[in-house]
Structures are given as structure tokens and as C-alpha cells.
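**Q** Chain residues, written in single-letter form:
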Amino acid sequence: MTNVIEKIQAKYPSVIKEHIEFRDETSITVSADEFHDLASFLRDDETLRYDLLVDVFGTDRLKLGHESRLAANYELYSVPHNRFLRVIVEANDPEINSSSNGMQSTEKSALPSIPSVTDIWSTADWLERETYDLMGINFVGHKNMRRIMMPDNWVGHPLRKDYPLGGEPVYFNHDRENPRFAHLGKPLIVGPSYETELPEEMDTEGNMVVNLGPHHPATHGVLRIALELDGEKIVRAMPEMGYLHSGFEKTGENKRYEKFIPYCDRMDYASPMCNNLAYVMAVEKMLEVEIPEHVQYVRVILSELQRISSHMIWLGTHSMDVSGTTHALPMYCFQQRELVLDIFEMICGARMTTSYFSVGGLRWPLPGAFIDAVTSFLDVFSGELKDFEDMLTKHPIWIRRLKGIGLLPAEVAIDFGITGPMLRAAGVPLDLRKVRPYSSYDQFDFDVPTATEADCYARYLVRLEELRQSMRIIEQGIEKIKTVPGPHRTADRKVSLPPRAEISTSMEALIHHFKLVTEGYRPPQGQVYFANENPKGWLGFGLISDGTAVPHRLRVRGPSFVNLQATDYMAKGGFISDLITIIGSVDIVLGEVDR
Amino acid sequence: MSQEIVQLLVDIVKLIIIASVIMGIFTFILLVERKLIGRFTRRYGPNRVGPFGLLQSIADAVKMMLKEEMVPGHVDKVIYVMAPGMALMTALSVFAVIPFARDTVVLPLESLIGFSVYLTPWVADINVGVLYLLAVGSLGSYGIILGGWSSNNKYSLLGALRTSAQMLSYELPLGVAVLSVVVMTGTLRVTEIVEWQTQFAGLAWIVFLQPVAFLIFFISALAEAGRAPFDLPETENELIGGFMTEYGALKFGLFQAAEFVHAMMFCTITVTVFLGGWNMPFLNEILNIMPTPIQALAPVLHLGIFIGKSLAVYCSLIWIRASVPRMRFDQLMAFCWKWLLPIALLNLFATVMGLAITAELLGLW
Chain E
1 MTNVIEKIQA KYPSVIKEHI EFRDETSITV SADEFHDLAS FLRDDETLRY
51 DLLVDVFGTD RLKLGHESRL AANYELYSVP HNRFLRVIVE ANDPEINSSS
101 NGMQSTEKSA LPSIPSVTDI WSTADWLERE TYDLMGINFV GHKNMRRIMM
151 PDNWVGHPLR KDYPLGGEPV YFNHDRENPR FAHLGKPLIV GPSYETELPE
201 EMDTEGNMVV NLGPHHPATH GVLRIALELD GEKIVRAMPE MGYLHSGFEK
251 TGENKRYEKF IPYCDRMDYA SPMCNNLAYV MAVEKMLEVE IPEHVQYVRV
301 ILSELQRISS HMIWLGTHSM DVSGTTHALP MYCFQQRELV LDIFEMICGA
351 RMTTSYFSVG GLRWPLPGAF IDAVTSFLDV FSGELKDFED MLTKHPIWIR
401 RLKGIGLLPA EVAIDFGITG PMLRAAGVPL DLRKVRPYSS YDQFDFDVPT
451 ATEADCYARY LVRLEELRQS MRIIEQGIEK IKTVPGPHRT ADRKVSLPPR
501 AEISTSMEAL IHHFKLVTEG YRPPQGQVYF ANENPKGWLG FGLISDGTAV
551 PHRLRVRGPS FVNLQATDYM AKGGFISDLI TIIGSVDIVL GEVDR
Chain Y
596 MSQEIVQLLV DIVKLIIIAS VIMGIFTFIL LVERKLIGRF TRRYGPNRVG
646 PFGLLQSIAD AVKMMLKEEM VPGHVDKVIY VMAPGMALMT ALSVFAVIPF
696 ARDTVVLPLE SLIGFSVYLT PWVADINVGV LYLLAVGSLG SYGIILGGWS
746 SNNKYSLLGA LRTSAQMLSY ELPLGVAVLS VVVMTGTLRV TEIVEWQTQF
796 AGLAWIVFLQ PVAFLIFFIS ALAEAGRAPF DLPETENELI GGFMTEYGAL
846 KFGLFQAAEF VHAMMFCTIT VTVFLGGWNM PFLNEILNIM PTPIQALAPV
896 LHLGIFIGKS LAVYCSLIWI RASVPRMRFD QLMAFCWKWL LPIALLNLFA
946 TVMGLAITAE LLGLW
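Top to bottom, those sequences are chains E and Y.
Using this note's numbering, you'd call the opening residue of the first sequence number 1 and step up by one each time.
Using this note's numbering, you'd call the opening residue of the second sequence number 596 and step up by one each time.
Rather than coming from a laboratory, the hints here were simulated on the basis of the structure.
Predicted model, so just to flag it, every value in this text is computed and none were measured.
Some clues are possibly wrong.
[Unchecked claim] With the C-beta cut set under 10 Å, the calculated list includes, among others, these residues of chain Y facing chain E:
| no. | residue |
| --- | --- |
| 1 | ASP606 |
| 2 | PHE710 |
| 3 | LEU752 |
| 4 | LEU756 |
| 5 | ASP826 |
| 6 | LEU834 |
| 7 | ILE835 |
| 8 | SER918 |
| 9 | VAL919 |
| 10 | MET922 |
| 11 | ARG923 |
| 12 | GLN926 |
Ideal placement from N, C-alpha and C gives every residue a C-beta, glycine not left out.
Extracted from the complex, chain Y is given alone in its bound form:
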């Protein structure tokens, strides 16, 4: 077996592992969300299944799977069945370019198969990674639109219409906000953006340098992921679930999963692009003076930091969900086009000007 094939196999295995781990984390996140929402509303949250209700999500998943798979008679069957999978797939595939840690682990297998196997902490490190993030991330709306359209239900249709308008609109400020970051770091490669943030002892988090871009990105990401207060595609109390109205059993579960994974995805992007990725301030400096066995643990540490940060961002989403009223659809659109986009453009302009002036002063042209 040649090295390329082995490396490809390793990548495929990694894909499967990441996808399953993400789904595992999703069930955990679901529990965290329900527990936290419970606490915010002075309830206990789920606490009946397993110790502290830890098995609640599993019970829910089993319930979803064991329910009768029903396809209503009036729907467009192919698209109807396809839509939930599509929503979930696009949400999952974004994780391919997210770097979960820094160091590539080398498995010294030369004595066995004649070459070393490299275990990178990402699936793919493509040179236009940021574009990939935005492009695939926004594909998620297709699942929702198709689901709402094929359901042949008026509420679903309204939900799908809202989704398409909302996601297309918020795509713009989201992209422009990330563009400011790209201009600053000078790269489209996700790993390099994270690496850029390790400067100055890991204090160069882009959130400190680009707070406006961060805010715009965060708000747009909420809207893109359809989270409160922008959960208009769903609006359980107006459109009775919007695009999900006609779905049940596992397909409904997939939609739910897609929604949560979508939100998780935006959390990881936020962490990667704005919050220093797997790095913590002074972490590398401390690790460098540590003995080698501890240094070897760095990937695990990085992974832990990454997950912790993402979880913290996710918890802020839950907090927002429990305390902020929902916007109306026209207000949502007006907010995007009248406020977010102009501010994002101004921010981009200011960034470019700032960089140019700095370069001029320092004589870097």
C-alpha cells in the first residue's frame, strides 16, 4: 500500500470519528441546553433518566428512532425524505476544516509499513478554508427550504420563505465580518488564522482587535443558525414549528440535530476565527518550559481548550435564548440591511485603511 492510500484511509476514518463524536457531543449539548434552560426558568430540567438526567438525550434519540416513519400523503416524497439529511450533512461537513489542535501527531510506523503516518488534528487544511466555511455553512439553509417546500403545508411554506430570505440576507454581514479578519491576517487558510492569533504570547485574539467584526459575526451567526432571537423559520408559537411542521420521528430528529449541529458549528467557527482557536494566552510559553512528556500532551490540551471554549460560546447562546424576545420578520430584515451590513462594510473599510496607514508609517510597502 502506498503512503497516499493509507493517508486517505486515515482521513476517512478521521471523518467518521469526527462526525460520530460531533453527534455524541450533540446529544450532550442537547442535555446541557435543556438543563440550563431549566435552570434559567427555575426548573430542574430533565432529571429522571439516568443519574442527573444524563441519559435523557439517549432516551429521546431511541424514542425518535423507534417511532413510526410516516410520510404524509400530500408531500413531495423524494425531497421530503432528503431534506433532513441534507440539513444535517451540510452542518457536519463544515467541521472538516476546523483545526482542533496545533500539532500533527506522527505515528512512527516506518519499521512496519515503511513510512510514517501523519495524524493531523483536522481533516483538510485547504488554502481557501474560510471560503469553504462560509459556503458550506450557508448550504444548510437548502435543507430547510426544501423541507418546508416539499411539505406542501402553508405553515411550512411560510417558514421556508422566511428561512431563505433570512439566511441570504445574513450571509452578507457574516461574510464581510470575516473578510475584515482575512484582510488583517492576510490568509484564507483556517489553520494560519489560528496560528496568527498565537502572536504576542497568544494574546492576539482577533476579538480584541476586531470587536465590531466579532459582534456582527456573532449576531449574523445566530441568525444563520436560526437561534433565538432569530428563530423565525421555526417560531413554534406562530408557525407551529415552521418547516418542521410535517415532520415526525427520525426525520424530525435529524432536523433537530441539524439545527443544533448548525449552532455548534457556528460556535466552533467563532472560537477558531475570533477566540484564538485551540490556544490560550501564555499556553505555549508555559508548555515550552515544561518537560518533554508534558509537552507531548499538548494536542490533548489543545483539544480540551477548544471544546471548552466552544461550549462556553454555546452556553451564551442558551442564555440569549432564555432571556431575549423574538424579533419580527420585517424588523429582522431591516436590522440586517440597515444596520449590520453598513456597519460591517464600514468596519472592513476602517480595517483596510488602518492597515494601509500602519504599513505606510512603518514603511512596509
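Okay, chain E solo, but in the shape it has when bound:
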């Protein structure tokens, strides 16, 4: 990475305030004034080419002892050179001096500011809005600096460290005398209605504006899309979200590292295993733990099983979006997913919220019947997959509904930060399992399917081929765990609990057990970012440790959230039916969009 730093220094000699190498990751700290020029240099220079903006997130460094309190982290990735770079931008002080209490700063000009990079990377649009909303950094030059997760009239910025955590009283009995419950048992009163906040450029007089959602069968959850329609043609489609915002990041910053694993299940609830994997890998990267081979293989097998189940949900709901609820395929797909969930239930007792991976290994050893169950599932599934293909791939109506719809060429996709099957359908063979193998993926033989058409049909074909590749990986993984049957946890006692038998004989084991259960582990001070290839795209976890057992900052980059941003680009000029097809082919899970 030194040549990258040298390159930057050659062009801008004094821009880098601080340069840190930690866990093979490079971070540079720059000041807000110089950031915009540096950003366009980073993107455009041939030898740098940081064309994919993976993530933007703010950090509140109130207690970390930095000079400026708020900073934004830009996680950059270079597709041609396959390398990451983190740029930490220290926010400028606000023009109007306000108190440091985040609760009171409602005016944008009273917030610390950073120049917006939406003109350099389109994906920065929502990511900067999210940072503004939750961390209170004003991005100067952003065209639509509105709240994105919290309600528009929310006061304060919840991810700041001085923002109170909860504290509302919880009532357990309904006391009729209490004025709080005066409405109980009375007829419903008509509530006041509020003007919907629509973007200013929407033409509400000449065109028809329809709110698609938040309760709409095709939005896969509580997503609202403000549609501007000319007849049935879409002039503009503006997704609005936040109805399911649960503050996972804030929760994570108030829990010990290992306690956050169950929360990962609830973000992309269609692929909890992969979410767990990304999180535990991030923590393990921070702790530098050696993971036994057996664990790595099992993690790969389960992630790929999860990919199959997630793609089954996608195929089922996608065919339902295109064909209506009575089409037979959704049920077939969900039946296959059930089989995967049965395997999950067998290994960890839970079907959807598995939490099976723990930091340093697996929560329990695999049951003996696992290998047989997976093999018999693969037998069933390979036949079923053929049936699904026969039903759709060459169906003339299916082709007409998908071909040429939702075009997203490679350059635009990278500009929007799209990852996963959507990017591969545009012809970019970018798969983290291949380009930056994690958890022993480099020992597996599989292909990265791509297509060049970049439309919904190409995405459909790519995902189908991915299913086949996942089956290949699982088959190889099964062979591998037959030869490497254990152990299911790392031997590092600073991270993983000692076996029960050892506790009664070894004083040291007892101490380790006690320390782990009461205090947890304390990673060294530093910052890591780990992304894995989720079924929907890159799921990134950013962790900043201040040396305690609780993360100072926990950032989740949901692939659905970022991928959804291209909806307007893809849907423009199409019909309502096309929009429904496009939402289906983006494959979103609202739990992850809103987090």
C-alpha cells in the first residue's frame, strides 16, 4: 500500500494528516477542505482507480482523544486493482457555534460539515444522508440533505455518543386511572393527517403521484416508493425508507462484541448465517484469531446453504412479482428453502435466527447427521432447480417481462456502489469469495457467473448459475469436513470458552472462563472493516475499538440498502409493472435496508 500513499503524497504533499496500517488495512486521515479534490483524484487516477465507494459512516470520537470530534469514514475499493483504502475525513467546525449536545443542533449550519462527494460517487447520496441523519454531519453540496432513517421531525442525531440510550419507562400494567391509557376501550379517533414530504422537483400537478407502499405486496416489506407517473410511465421513483429502522448500530455500540451476533440474524433475515459470518470475521480480524480448518469449511458450507435459501426466497418472490400470487413457483421455492431451514434447525435449533457462528468458531459441534442431511438435500435440490428453470428460463412471457428491463450498465453500477449478483450481471466478475478469499474459499473450486446484458433477465440467469455453483462448493465442503472432523472452536482461550471438563481440572481454564463470561475479550485499539459476499451483495461490518470489550463504533453496510439506490435510474421511463420486476430483481430485505 506504500505506493498508494506515495502516489497521493506526490500529488498532494501535505494532505495526509495521519497514516495508519492496522490489520492489513490502510487508513489515511485528511481534513475536510482538501477531501473533495483528493476524492476525485483517488477515483480518476489510473494507478489508484478507487471507483467503488463501499461505505460512508460517521464516527463520534468524543472519548477517543482526537482533535476534531466528528469524522466520516470513506471505505473505498478499487475494482481493477483489488484493494481497499479508508479515508477518514475530519469534519470542519460549524459556522455557528452551538453546544456540543447533539440534541440541540437542529439547524444544518450548526453542524460540522464535510464537502459532499455525490458528484464523484453517486452511491454517496444515501450514505451521506444516513450519516447526516444519525451522526449529524452536514455534507455541503448534497442536493437532498434530508433525514433518511429517522422521522423528519426527529430531534438530535442518535449515533452521537452523548445521545441518551433509551430511558423511556416501560409500563407493565394498564392502569385505567392513568391518563396515559385514557384511550383504551374508546372508539378510534381520526388522527391528524400530515403533508407527505415529496422531493421538490416532483410535478404533482401535471403528473399523477402515487405512493407505492409502505404497505404494498410488491415492496417486500415496508418500503415506500413515491412514484411520479405519466399515464403508466414512470417519470421518477423515489424510495423512502426508515419504517423498520431499529438502531442496530446504536445497539451494537452498547453491547459486548459477542452479544451482537444475534442481532445480525435480524438484519437480513433471509440470510442470517452469512450475516453472522461477516460479523464474526470482522471481530476475528480485529482479534487476530486463528480459526481451525474444520470451522472454516463448515462456515463455507453453511453460508452456501444460506445462499441457496436466500436465492430461493428471491426466485419465489421475483416470480410472484412478475406472475401474481397464484403462480406455482413461489411455493416450490419456499419448499426448497424449508429443507435448508430444516438442516439449520438440526444444527442449532433455530430456523431463521441461527446465531450459529461465534467468535472463534462454531457455537456447537455439528450433529452427526449433518453430512447425510446436506447430501440428500443436494440430491433433491438439483432436480428441483432443473424444474424451476424449465418453468421460467425459456418462457416467452417471462423473457418479455425481464429482458431489457432495469438496465444498469457496469460503469453506472459501480458508480452506484452496486455489488453482488447485480454487478456481476453487468459483466464485472467481482466476487469477494474469489478476489479476496476469506474463510478458506480459496481452497474451493467454483466459477463466478457473469452476464453482460445487465438487465433483469441477466440477473435472473446469474443467480440461477450461482445456485449451481453453491451446490458445487457444498459438495466439495462436505468432502473436506469428512477428512477434517474438528475441532469446532479455536484453542485460543482468550476468545473461546474452555471445554467444561477442563474447568474442573485446570485453574487457568477456570480463570479464562470467568474472564470471558464476565468481561468478554478486549480487542486492541484500532479500526477494521470486513466485507463478505452475501447473497445480495457485500455485507460490510466496520468496527472501531477503543480497547474495551464494547465496540466504540459498529457500522453495518447493508447490500440491500446500497443496491436499492439505483431503483430510480433503472425504473425511469418504464411501466409500473417494470418497477415491480426491478424491485424483485434487486432482491432487497427491508430489515437490512433500514437496520
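Using the hints, position chain Y against chain E.
**A** Same frame as chain E, now just chain Y:
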């Protein structure tokens, strides 16, 4: 009482009976549809209410009726309430000209009232029956359009717009396809078209002679009835039910019923015009050599055959619904105007030419 009045009363009673039987069959069809869709999607379908779930439709109907009749504040009340009834009424009235069997049953009541009462297996046998079928069948779209328009809801409006465009367009290939049949049989009277198909020992089904017309008719009928893959007025996953979005309780039930009855109606028309009506090949020939008491059962047999055929056609609709993706609206219109209508016209032209050449060769001019 004069004979005319009695005959009129008989007709009215018959109307009521047919309408109620159709509604009864509708509940049964609904169950068949749900059961079959269930089986197609590897489920059981309804099986909780009554043996094999047989009472499910009745439970649904009771539920619909007992729900609160609500009229939203922003709708055009008169039309809003009228629309579902209109949709159902037009769908039901088509059955007036459908012949359910061949033979008119004569009730020998001369000793009692001085004249015999004739029980025809149809309500009316009008000489332009085919025109009546097409005209009244297409009136059904009015219920939908009015319902969608009066609901004062954007989704309903879009659904209603789609309906009007779709139904007007598909009316044309539908009519032209039937026209080929009319040219061939030389009559507009529905009973005579069925009678025509009893030629050659009942093998002269028009579907064999006019396969193209049959296909066009079938596809257009799917579109006219708003069935998958042409169920664009409804599109539960795009327009949240389209024209039905604002409806609830019994009015919603009526719309649902209208939709199913509409589909049933097109099934019976298909059977009548293309699939030999109440007849089966060699049926009459076999009946003729049977003893008289069995011959007297012919109307019942015919009715059974008619219902069986219609049900078979209906099951094919369900099959299509479970396995074919839905078309997009512009593709639907393009399909009609670019493919169906030209082919239908060509088919009509070919039929006329074929008939003329045959007549010329046989010297029938």
C-alpha cells in the same frame, strides 16, 4: 290463465333457478379452483371447513355477508354501490341463451289447465343469439370501469383504465373468431350452432374445423374475463387489487363472484360454440338404439355432459393461472393488435374463401 302468461311465468322461474344454480356452482367452482391451485403449488388447499373443505366457500360467503358494509367517504356513492351488482348481472344474463340440453320437455298438463307447458333447456332462443352473447358479455367491463372510477383511488383508476383498454381491444379478435364460426354454420342462433355440430355422428365439433378461431377465441376470452395471464385489471401485486382496492364485505364478494361467473360464462360459450355443446360424438346414435325409458333421460345426460365439458375448460384456466407469468400491459395490447386481430381476420378470410371454393366445386351456387 292464457298459455302465454304461463309460459312467461315458467321462463321467469327458470331464470331464477338458473341464476341461483349458477351462483351455487360458483361457490363450488371457487372451491375447485382453490383446491387445484393448492395442488399445483404442492399444498392441500382448504381442508378445514366440512369434509375435504367442502363447506369452505359457504363459510367465505357467510363471512363476506356478515362483514360491515362500509362505504368510504371519498367515493361516488351511487355508482360505487351499483358497480359490483352491474358486473355480476351482466355476467349472469349471458346464460339466458346458452342451451344446456337439446330436447324440450313437454309437461302434458292438458287435462288440468287445457294446454301443455313446454320446458325448454334454455331461457331464450333468439335468432341473433351469438350477437347477444358478445354484446352482453362485453358489458361486464362497465361494472369494473365504474367501480374503479367511482372508488376515487389512484390504483383503482389505473386498474379501470387498463380494463377499459384491454376489454375493448380483445373484443375485436373475439368477435372475429366467432364470426368465422357463424360464416361456417350459417346461423346466428346459438341452438342451431350446437345442432350443426351434431353432424357426422357428432364429430363435427367446430374446434376441429376452426382450430385457429378456437385458439384466438380462447385467448381473447381469457383477456375478456380478466383471467391470468391477462389479469391486469386486478394485478394484486402491482395495483393491490386494481378496481377492487376500495371494496370490502359483500360488495367485494360480488365483484369476486362476477369475475368467476364471467370466467364460467366464457367457458360455457367455448363449450357451446366450439366444443359441441351438450353433445358427445356418437351419443345420439347410441341413444337412438336404446329403449325409450333411457331415451327419456337424454336431457339429464346432455346437461351432465355440458357441465362436465365446461368444468374441464375451467380447469384448464386454473392450470394456466398456476403456471404462466403475467404479461405487461403494453405487451398485452401489442399482442392483441399485432398478432391476434390480423390472424383472426386472415382466418375469417380463409374461411370465407374455403367455403366459396367448396361451393363452387360442388356447384352449390
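**Q** Determine for every hint whether it applies to the structure shown.
**A** Hint check:
no.: 1; hint: ASP606; result: violated (39 Å)
no.: 2; hint: PHE710; result: violated (53 Å)
no.: 3; hint: LEU752; result: holds (8 Å)
no.: 4; hint: LEU756; result: holds (8 Å)
no.: 5; hint: ASP826; result: holds (7 Å)
no.: 6; hint: LEU834; result: holds (8 Å)
no.: 7; hint: ILE835; result: holds (6 Å)
no.: 8; hint: SER918; result: holds (6 Å)
no.: 9; hint: VAL919; result: holds (6 Å)
no.: 10; hint: MET922; result: holds (6 Å)
no.: 11; hint: ARG923; result: holds (5 Å)
no.: 12; hint: GLN926; result: holds (6 Å)
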